[in-house]
Amino acid sequence: MPTLLLIDWEGAGWPLVHRLLDDGDLPHLAQLNQRAVIGPLTVPPPIQPWSVSTTLATGRLAIDHGILTPQAVDGSGLQPASSASLKAPFLWQILAARGRRSAAINWPLSYPAQAQAGLIVSDAFFQTRRSGGQLRPPPAHSAYPVQWQTRFARLRRHAAELSPAILRELIPDAGEHDWSSDARMGPLAVHQATTLSVADVALACLQDVRPDCLAVRFSAPATLIPLLFQAPPPFGQALRAVFQSLDRILGQLLEAAAPDSHVLLVSGYRVKAQRPSSARSLASRRDWYQDQGFLCAAGPRVQPRASLMGASVLDIVPTALRICRLDPGADMPGRVLNEILDIPAAPSMITSWNSCLPSSPPVAESEVLRGLLLESGQLAAPDLDRHAQAQALATAVSLAAAGRTGPALDMLERLGEQSRIDDPEYWRLLAHLSLDQDSGDEARLRQMVSELDRCGGTRFDGRLLHARIESRLGRHQQALDRLFESLAEFPENPTLHLYIGREYEHCGRPEDACQAYRNALQCAPGHHLSQLALARILLDMAQFEQALEAALDAVASRFNSAQAHWLLGQALEANGNDAHAAEAYSACLKLAPGLTEAHQRLLELYGPGRLDQADKLRQQQAAYGQLMAARAVRQAT
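Numbering (the numbering used here), first residue to last: 3 to 639.
Where hints are given, some of them may not hold.
As the list claims (entries may be wrong) - Below, simulated EDC-like cross-link-like pairs (lysine to aspartate or glutamate); rule was C-alpha separation at most 16 angstroms, straight line:
no.	residue 1	residue 2
1	Lys89	Asp76
2	Lys89	Asp66
3	Lys618	Asp580
4	Lys618	Glu606
5	Lys592	Asp333
6	Lys89	Asp333
7	Lys274	Asp289
8	Lys274	Asp293
9	Lys592	Asp542
Quick caveat, the hints were computed from the structure, so don't treat them as lab data. Just so we're clear, the structure is a prediction, and the values are computed from it rather than from any experiment.
Kindly generate the complete structure, drawing on both the sequences and the hints.
Dropping the structure here:
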């Protein structure tokens, strides 16, 4: 079987990588791209480094894999999360359980390294400390099997061991710069030493182990982008040099792998380049990490130049499993990216791969765990109460992102009853979910906005929520006035244009609403909610061809959106394409089985006088009957 390389440039993000590609700074990636598919990835919140990395490597939502925050509670109290915190298996654990040679290098939550998981060289292995002028050995259980820990130990580098030539590659115009007084040089040297160590271990692994799957993570972008972005001389070109180094390593890995290898080069999120240095709270640090990762896929089963259809971080593991000729688990919310693969699509026959999760991991060293958390840039909750708040808030965020707004709102309300909350994200989310669920009176909603202001919420958030409250009370002109007041200060914000469009609809001004949604998409071409709103208003205005284009854009930006497929089905049906409309409604029901309207549309489409497909009509009648019977039982109880 051809080797699968899963390479994570953590925190790199699509906008920066795209720009570096266009500038010619990544020649190996550009060469790979000639036979690849490349494009942006979305990521479900919470967008925190360890949570996203675990979602990427397990194919599961944070509420399912268990890494909602970087800490966990065990018998000794509050500790940084470790491999013992996982509730879902990594890709390499699934492959190892099916007899495939798998290897994982430098991934978060891989320490302590567990048996029955293939070859593991954890992130703890690359922690380098010196004592008496000598490099300390790696911590116990930082690699498995143990003999590989000894063999690879010689490949670890300390920042002090980097040669002047390596440093000049990063900062060619350094001259007589005084390094001792510059705070940037230490982190730059440390991360370059780690990058080279990870690369050397990965190359040795390809040569000596010849794995069926090698998953390797390079964490330098996540830390160095904010440190070096727009830095003054002599660091002006250092960030570019860091990516050029990663690009050279990519070329080495591709050369060391078999010619028919598959490659999935990914970044699960992008780290914010410009951020305040005083961000010392969990709430402010949360804003450092944002959507817009990327995927570059290549290999004999990848169709070059195919279009990614709304790809998500959740789709990486299902796609990797299909490349390895295994089915994704039915409990994985992502999908196989069939549009880029030359592999026959097939329904999953596996309910879950959770049985592949190793049990009873070795005991971790607390000092090692604390070091890993510190190096990740994530802040630790100071006590159990703050951790419980952070955990509950992250759970609510994950539930809301999965469309489970009712349980998310219930969790937030219970949290507020138990303790005083000083996190602006809590009050912002609580207010928006309360409005979405039509919960709370005006006084309670205004109180939420006041609490948001008290906790340091932005002026933008406050104005938007006040506008939504005015709309909720039926005062749509007042809502528009507030929105346009914000628009004068934030003219490029797509969310404002989206809500302006909604208010125009309430005022009976569909043409103005349509233009507002188009304005939102001019500000952010992939803004999914605006794409949905535009498709819907165009359907209402009987502009069916334009509605079809808008619905196709919505599906392309987020393929796992049931609403996008529902609108696409309506647009196709309005344009007289019943067969493809039925496919769109079927795709909608796979994502939202309880959507009654989609069942009803399929019943009509499969019936006499339309598609006249008796077998599918009977199947749909049975499915609809089961849905309605289950609903009746729930209502009765």
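Q.
Name the hints, by number, that the structure is in violation of.
A. When the structure is compared with the hints, only number 9 turns out to be violated.
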